[in-house]
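J.: Residue numbers (the numbering used here), protein chains in the order written: chain A, 626 to 694; chain B, 821 to 1012.
Since the hints were made in silico from the structure, they are not lab data. All C-beta atoms in this analysis are idealised placements derived from N, C-alpha and C, irrespective of residue type, glycine included. Any given hint could be a false lead.
[As the list claims (entries may be wrong)] Distance windows between CB atoms, simulated:
#1 B:Leu-851 to A:Val-692: 41 to 51 Å
#2 A:Gly-674 to B:Val-936: 47 to 57 Å
#3 A:Arg-633 to B:Phe-841: 16 to 26 Å
So you can see what is in the structure, the chains are spelled out below.
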Amino acid sequence: MNLGKKRRRAVVDRSLCVACGCCVKVCPIQAIGIMRGIAAQVNPEKCVGCCKCARGCPASVIEMQEVEG
Amino acid sequence: MKKRWYDYLWVVSLLYLLLGFFNILFAWLGLLCFFIPLVISVAGGTKGYCNRYCGRGQLFGLLGGSFGLSRKKDIPRWMKSKVFRYGFLLFFLAMFFLMLWNTYLVFAGAQNLQQVVTLLWSFKLPWHWAYHGTVFSPGVAQFAFGFYSVMLTSTILGLVTMVLFKPRSWCVYCPMGTMTQLICQVKHGNRP
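Modelling step: build the complete structure from the supplied sequences, incorporating the hints.
T.: Written as structure tokens, this is what we have:
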């Protein structure tokens, strides 16, 4: 049921991601992974927007965005 | 989160740096940090080494994170640009081949063994106390001095950026990380 609530989720700037995996280590619910050694990818269904990946990213290429849901 | 055996590889990285103070020939072990990431990326098509097994990254994470030795500020934009990352990789490779050339000259007898560790490709530190002779050619020791210089220099750069920016800032411009990411991109055709 969509009540029009807004929630945050992590979004990766793939063009600048170095695929180091720091975000994977800090995510408490394994909602982010490194795909094919190229860049990080967030599972939008799982991400709860806790911001740990954004804080842990050494390149600061993950930002939190508000989405409907 | 449950710790795995590979979460303690920072101990190996620390031990490696310490061993170089006692016997420079241990520097040869550092080749593992070059070949393992390459093998994983070429054969497996992943950055599994960076993601799991890099003890150096863990060491920076520990010192900058748990020990609080990092300002935890954003790294400047130019440092994460492709121009800088690829440029640093090329510079690093050029210095690496220069080191191999010097090793060759000692092997060939055209140059004497230099018992020094060169920091930041410029500053020569006497390091004779860590050399106790070798049963092989002096070239074997020359490679060890050269390779240890590379490892110590990159550790110092990593420590500086750890303090100035986020703990694992080194990962952003690490030449091995850049190289393995490039290999993965070529292998997968840059598909997401």
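J.: Check each numbered hint against the structure and report the violated ones by number, ascending.
T.: Hint 3 alone not satisfied by this model.
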